[in-house]
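Asker: If you want the building blocks of each chain, they are given just below.
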Amino acid sequence: MDSPTATGSGHGAGHYVRIWAVLLGALVVSLVLGAITNSPWAIAIIFAVATAKAALVLAHFMHVKLEPRWIRLIGAGAVAVVGVFFIGLVPDIVYKFGFVPGGIQSAQANPANTVAKLPPDAGRGATVYATFCLACHQADGRGKNGTLAADFVSDASRLAKPDSELLASIANGRQANGLSMPPWKDALTAQQRADALAYIRTQFGRKP
Amino acid sequence: MSSSAAATDLHAPERAGDYTSTGLPTGRVAIWWFLASEIAIFGGAVACYLLYRLHHPEWAEQAAHTVNAAGAFNTVVLLTSSLSAVLAHHAAEQGDGKTAARWINWTVLGGLVFLGVKAWEYAHEIGAGLVPAKSLFWSFYFLLTGLHALHVIGGMTALYVVGRGAARGQHLGRVELAAIYWHFVDVVWIFLFPLLYIAS
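Residue numbers (numbering that gives the first Met the number 0), protein chains in the order written: chain H, 0 to 207; chain X, 0 to 199.
Source of the hints: derived by calculation from the structure; they are not laboratory data.
Hints are supplied without guarantee of correctness; some may be wrong.
Stretch by stretch, here's where chain X covers chain H in the computed footprint (C-beta under 8 Å, at least three residues) [claimed, not checked]: (1) 51–60; (2) 73–82; (3) 169–183.
Derived pair list, reagent style SDA-like, types lysine to any residue, alpha-carbon separation capped at 20 Å [said to hold, decoys possible]: (4) K133/X x F131/H; (5) K97/X x R167/X; (6) K184/H x P131/X; (7) K184/H x F131/H; (8) K117/X x A69/X; (9) K117/X x K97/X; (10) K97/X x A12/H; (11) K97/X x L108/X; (12) K184/H x V130/X; (13) K133/X x A12/H.
Some residues of chain H that are not near chain X, with every Cβ distance over 10 Å (derived) [stated by the list, open to error]: (14) A34; (15) K143; (16) A155.
For every residue, glycine included, the Cβ atom is placed at its ideal position computed from N, Cα and C.
Okay, chain X solo, but in the shape it has when bound (with noise of 0.2 Å):
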């Protein structure tokens, strides 16, 4: 009995470490404290960014480089991709994994359109002699967009792994917690799209 006890430990992860002390799933306090790093971590790279930007106001010159159609249409392509994910989350919430996969799928596609409009708008920056060195301005350009595409990269790769599992009708919170870093993605492009290429 004692070693079947032991398995079933073992196969339901989920329940046993599941909520923290405080009735929370233990999943959803940790990706707020995680969030909250990311707060500190994109919040520090823009406050130096917006004190360089006052500082140099001619920066606004530089800004102009940037392709505004470009911006745009990734900014319409993160919100939709975060309005599936919040869809998959949804259906996650009503315990239809196989909606909320193909929803998460959606999303990834998202971050896909978004990963290869920024790989050209790097491409046309970079053949332009627009580079990191070229400037302050463009060394936070790159820090800022590049930072903000790894996390593309990295809620991509969350969001797939989950989506294979709800698909499976499997670790269905696990779309919530995918999802809420995503629209936390988006956020911050909500903040970067005016300050590196509207406000020129």
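Only chain H is shown next, with the shape it has when bound in the complex (with noise of 0.2 Å):
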């Protein structure tokens, strides 16, 4: 070993090419798993062989067990940043909007998306109202007196609509009078379009 950089890591070449081996095995057990399955314990195990050989290349291919424990302190610093900052925007992103708790599990017993889990909620939807519906309908529900949307306000008829009317309209769009609005069934969960729909009853309907 007379190069300056060699990390003398004293494996044949042998040695790479059953790491490789098992590499390749590992990821047909992750492809036949998703082909079969997709529960969330399936996901978890193909996460956990995605773990697996990210580990092996790291210690096998990249040598990282012959480097000094600062060099790996490095890249587990790096690691600890991200995951501080996936934790700590949990609660902002994956809970926001009412989140359907159970996640992937619930969305497979619910594959078409058309159901609400919970009550709908005026107070989240005025959150969906803001960021999805108020660039049309505006902030005052008129939709610029009906020019660029609905006026929920003046045109008493709309909201006169029963909900299932109005959610099949919030989800699939609807062209009408020149106006043309989006289907947000792929954008926003049954909740959020439920949530919606209370707030804009709460906010612009006529009280009983």
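Combine the two chains into a complex, taking the hints into account.
Answerer: Next up, the structure:
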């Protein structure tokens, strides 16, 4: 070893080929699992396998285990920063807008994304409205006197329709009177759409 | 004499500034610091994707449109190119620059194949209207895979330059550094593949 930068890993070429074979085997395990099921435990295993593969590459191809501890701490520090970033934002992003408890699992039980799990809430709906509806319907719900979007306030017939009809319009979009509302079923969850309607009724509807 | 000493310095910068006070080669300390910054870049982007993905379970429907077979094939290509990169490092360790250069060429070829498949996927997806503006999922998909593809291009360039030197028996210590970077690009893909393809 006369090269000044050699790590002196001491492995033969055969060792690297064996690691490569294990990595390919792990890939096959992930692919088979992903093909037969998308249950939460399968997804957990797939990501555990990915982590194991990354660890194999780090240990045997990048020779991290031969580096001094402080080198590993540099990398671990960067990973920790990302972890703090992720955990810190979970309440803001994952649970914003009335996140449906159960996550991936409940999405499977509800593949069409048509059913809200919680009672509609105008408070959560206010955020949805401000983010997705306000640009056209405006803060006063008048949609620039109906020129930009439906006017909820002056035109009483708008909110006189039943929830089912209005939710369908929000989900699938609507073309009428030269106006075009985009469908929201892909951009918003059923929960968010129900919450938005609750807010619209509370804010702009005729009080009974 | 002093002028010849200066000339020697110019021709042997690897000897003079090669080691930090820690006893490690400067280049290796630098590559690990560099990778730490890369962890922050990819980690940050992946963390954002995960947060939104957890908030939108229905994205699974959109992730089903990514071509699993192409992603799996590319995973095999990258894992194999990592093998040739570590074999290049192994050859360089033993002072065999020519063999190292040959393995590096295989790794660069792997990068080219990877990019070719990725380009086909992009064409296929964009042709089907699955563009970044289609939805947040596709924005993340093109951001993450595009950023990764740029790193593949960067890694190939570095490997090509290092490989040319290695073929002449020069700077064999750099083979390890370029290989470490390439393995990192491989590790990123190991996570991107299940995140964007399998978990659907």
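Asker: Taking the hints in turn, state whether each one holds.
Answerer: Verification of the supplied hints:
Here's how the region 51–60 of chain H fares: 6 of its residues keep a CB closer than 8 Å to some CB of chain X, so the rule of at least three is met and the hint holds. By the rule of at least three residues with a Cβ nearer than 8 Å to a Cβ of chain X, the coverage given for the region 73–82 of chain H holds, with 7 such residues. Interface restraint, the region 169–183 of chain H with chain X: violated (0 residues with C-beta to C-beta distance below 8 Å; minimum three). Between K133/X and F131/H the alpha-carbon distance is near 16 Å, which keeps this suggested pair within the 20 Å criterion.
For the hint pairing K97/X with R167/X, the CA-to-CA distance comes to about 7 Å; that is within 20 Å, so the pair holds. A distance of roughly 18 Å separates the Cα atoms of K184/H and P131/X; the hinted pair therefore holds under the 20 Å criterion. For the suggested pair K184/H and F131/H, the alpha carbons sit about 12 Å apart, so the restraint of at most 20 Å is met. Between the alpha carbons of K117/X and A69/X the distance comes to roughly 8 Å, so the proposed pair stays at or under 20 Å and holds.
Restraint check: the Cα-Cα separation between K117/X and K97/X comes to about 30 Å, which exceeds 20 Å; the hinted pair is violated. A threshold of 20 Å between alpha carbons decides the hint, and for K97/X with A12/H the separation of about 16 Å falls inside it, so the pair holds. This hinted pair checks out: K97/X and L108/X have alpha carbons roughly 17 Å apart, not beyond 20 Å. Restraint check: the Cα-Cα separation between K184/H and V130/X comes to about 18 Å, which is no more than 20 Å; the hinted pair holds.
Distance hint between K133/X and A12/H is unfulfilled; the C-alpha atoms sit about 46 Å from each other, more than 20 Å. Distance to chain X contradicts A34/H as a non-interface residue, since its nearest Cβ pair spans about 8 Å, not more than 10 Å. Separation of K143/H from chain X is adequate, the least Cβ-Cβ distance of about 25 Å exceeding the 10 Å criterion. For A155/H, the non-interface assignment is confirmed: its Cβ lies about 34 Å from the closest Cβ of chain X, beyond the 10 Å cut-off.
The structure fails hints 3, 9, 13 and 14 (numbered hints given earlier, in ascending order).
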